[in-house]
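Sequences listed follow chains A and B, in order.
Read in order, the letters of the first sequence correspond to residues 4 to 134 in this note's numbering.
Read in order, the letters of the second sequence correspond to residues 103 to 636 in this note's numbering.
Just so you know, these hints were derived from the structure itself, not from any lab.
None of these values were measured; they are calculated from a predicted model.
Cβ coordinates follow ideal geometry from the N, Cα and C atoms, glycine included.
Each hint can be trusted.
Some, not all, of what chain A presents toward chain B, calculated at C-beta under 7 angstroms:
#, residue
1, L37
2, L52
3, I55
4, G56
5, I65
6, L71
7, D74
8, A77
9, S81
10, L83
11, A86
12, I89
13, F100
14, C103
15, F104
16, V107
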Amino acid sequence: MTSGLRSGGFAIDVTFTGDSILVAKSTAQRWIRLAVAMAAIAIVWLIVLPLIGKQPMVSEHIATQQRLQIDPSALFYSELEIAPAIARHVERLHDSFSDCFWSVSPSKDRTDAQLGTPHLRNARQQDRSQR
Amino acid sequence: MIRNAFPVPSIIFLICGGFPHGDVPLDHQTENSTGLQPKKVWIKSEDWLAVLLGSIVLLVVLGASAMNPAPDFSDKLGAIDQGRQHLKELESAAATADDEETRKQIKTEEKQLKELTAGLFKNPVKSWVAKMGSWKSDPSDAFVVKKVNIVPGLFGVFIASLVLFTFGVALRGEPVIPFAGAFVVLFLLATASYVLAGQDVIKYYNLEYALWALLIGMVISNTIGTPRFLFPAIRTELFIKTGLVLLGAEILLSRLLVLGLPGIFVSWVVTPITLISTYLFGQYVLKIPSKSLNMVISADMSVCGVSAAIATAAACRAKKEELSLAIGISLAFTAIMMIVMPAVIRYVHMDPVLAGAWLGGTIDSTGAVAAAGGMLGDTALNVAVTIKMIQNILIGVVAFGVAVYWVTCVEGDRQGPRPSLMEIWYRFPKFVFGFVGASIVFSAIYSSGTAGSGLTEAVTGVTADVLRGWFFCLAFVAIGLETNFRELSSYLRDGKAITLYVCGQTLNLALTLLMAWIMFEKVFPQAANALKSS
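Just chain B, with the same shape it has in the complex (with noise of 0.2 angstroms):
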């Protein structure tokens, strides 16, 4: 299985080789045709680029973690699987009876599969890179996590950025130094960025990095203006699409059944309904002049919040001011959502099954649906997580579909002829195929067995919690930095932005509710008793 794993990448670098002429513009392929630069031109869009780099890391990551299994690996699986069907006992046991002993025993028990689980595979890389902390009063407390200094873990971050980023640049045959200048200040702004991000109440509140990334950016492009050494290092593209295809290891396509139809329907049915509709109401009742706008704002409202705004802004080459305003209408209606939606649901006294998927379906941010669901108790918030990790999963098809609309019927000329499939090809996003392919990968690997989801996790540890996280941060940075804020008011002026959101989310609430009344009271109850017994 984990050797099946490591011949991915380099299928996906001879699949961009394949295509010689990739996403690059009609002039570029006169020259190519004119035999000035022959072949080689397809690693000069940052399409294909993003796909390269996203996938040596996801290489170099899966490699160093396979070829570290445990010591004790077979004694591992061996208790995993002993765990596991212990697991099952005392879930049976707990459902009929009551028992408080036997609901620590299920807790203890679940710590322990948690930790043999992660230590099948040790991931060297992890040692190497950090993620920042919070803080309280004091920023320095940002840089210490469980009592221990990260400032080691973030050079790591940086060296491994710069050195990825960098090859990336040369192989696009730019100059190389200025970009490495550049991208050192662009990190410590990002670093900021984090420390910010980091505070508790903003944390807690789930205002997130990108908010502050952005902000920062903002405040110097809008102030002293961005100082032209730090052009080279703007590259907003190139970290977004990279981040995406790490993200795309992340979308475990096995979770979608986990919640067999209710979770389907809840997730996967109500979420295009409510993205179509807010698109059209968009278009043809509130007249909003920017399709992509309109396609960032419905996306990041009915899926999952920044992160299907990131990709989906990626797939419909929206604007870079489109997708900071939907990321801060998005954000602060969330943290909105967070509070009042689990004060409604007290008052109401909604049974938690139905209260966990309305959370879950409805609020966008991840983290948000977890702290709102916590708030009304352990069935809520694993009902609440895992519809929302049943909705993340339709991300990729969101991006996917959103990149094939686009090229089809919005782009280009709609009064002339339909597009041919060449012409549609060019057009495509490519980092899509990065992105799905990342997807399809991770989730072969982690359905493959016990070791599978062991290597799975330890390879998403550090590229979902830390790499892409930073290069998103990156990304928003560099928006900021490109950002004027009047070009940005403009948007907000006709307030059409803030109503199709308001709009869009009512409709959610409305439909998500109904859905999740409908499945998990009506046709599938016992599955909602299921969920209630431990």
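Extracted from the complex, chain A is given alone in its bound form (with noise of 0.2 angstroms):
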């Protein structure tokens, strides 16, 4: 026979034979199971999660995301604390070099004049690389 019992508040199914020491036992095994997960996660997250953390590699990646401000565990854009200066200034952009961004052929002269030529271009963007 099954019967449903409330121990402390918890909800215990177990299978009715008479004797409450298997009920007890039962209990006692969540609590264990649970200590026992408990101590795992303060164990990684206090202790070997700190250390990983302090290998050059890795501390190296959190200071570069930290200093750019990056927040990589952001679900959306706008957690993002970067994103709206990003888009205003791909905005910026696109307003003033409209047709490069809507037409396939847009005047080459134009672009030309107001980007730079593509050798310029491809040097100074080289440069930034290397800074």
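Work from the hints to combine the two standalone chains into their complex.
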């Protein structure tokens, strides 16, 4: 016969055998399992992860993201602190050079005059990457 | 403009009231027709209730912000217009002559503009709510952000959520005291999840709070069992759908056009192709038994990770275990792609615009896209974040499309006659209206001018960063409390879910790279040049 029992506010479904020791044992086992799981979480978060965080490669990665104000855990673009500034920057570029974004063959003379020749742009880009 | 924005949630409310039967199951309608519970029955539906609660939050925050313009509002507006003009001139100068001094001036001007826009409206709600901070080795650091103790802010979030959802529970005619008591514990578990997610290594490798909220819930449910007194607060769907209505306010449609045709092709053409192809592959090649699991994995892989998974799962009524599994797979692969893709791009010396477009179109999570783009420099970062932003907007369309497809083609008897319009209406997940409606309203406010964009940022700053995140976190704790390890592992046993993700992502990587190359290298090379110019 199956019976839903309540013990200390928690629901325990046990097969009722008439032996209350079984119930107590089951409850104790469950609490031990919880304690073990919590201890594992505590060890990982308080010891293992801080140690990993001290590794040069990881700490460098974290420092770079912090310097760039990037939160990699952002779920949506609106949670990114840098997103509005990037959006406004790209919007301004779009407004200034709208032909480039909408027309398949924009006036080449015009865009070259505005943006510099391809050779100059590539050189500039390389220089910036090196910096 | 501000006045016009006020009636919107009321309109949503009226629309809700205009359909007294809403999405109430058929048995409720019979009860209604006999006059046992005349009217008001629609509010018992979690969908409409989520629309109502989400609208209340948006209305309160919008109203509070709109009534608090800066004392020097007009001066700030003028300064913003002047600043924008100056910035345009500086950027034109930087495009033709690569001057370090000009670039510094651009950065300073951008910072000033950001501060001016943020200061147009003061959001009084913002000081009452807080988001958890991060920590290295001492978890108590998570409760201090920028040297400010955030415990009062957390208490503010707790009170606001408690009042809001207790009101919702009361509207449904359910007992309020058991809910409120259980909610306290649920909120504490959500806080613990945020603390785990705030550890620096976890945070900066994109292992989001959703994963830890699930873990905490599952640890409890799979050890001592979920305490019975917690059941009244396990309102997964209500938390998720209310959060999705708030998310709608963050989807600004005007940003769709920001990268012109190349952006639309990379984000809005490749993404649906990948989604549909992956779903069909899952159905006809892998023969995944659960269509909803197939859809949620296809959507989170092709659109934008966790947020898309949440929206799609709600739209196709996926099981909680399916959502958990999809999110787990997505986060694991995102953490890998975030590190591997920039390394590959550097190794092959890929053009920064092409690289940014590839990252933005393929990495699931928005934060991880920014992190990967940031490793490759300013141009790649700008393009990657912008492409992802455009892709993020697709989430509303995908949720709507999936909801329509599900009620017309998947649910019900496929052998029988096509469902009538009324049948489709009954089955349709109504929260989608709140989600899409909020997006349309806030897009209109944002596009109305400088004041509108300032107001939108003031509102979404609270709803996005804080409240919506907490609602989702509560939902994931609730899912964990209802999830059994054995049930979850049964989905992984045949390996089809992971195979689907890997195959879909491979297609996504190939198609996005091809489309970005065609767009930015062959058809619109001048657009790429413009993006590199400053």
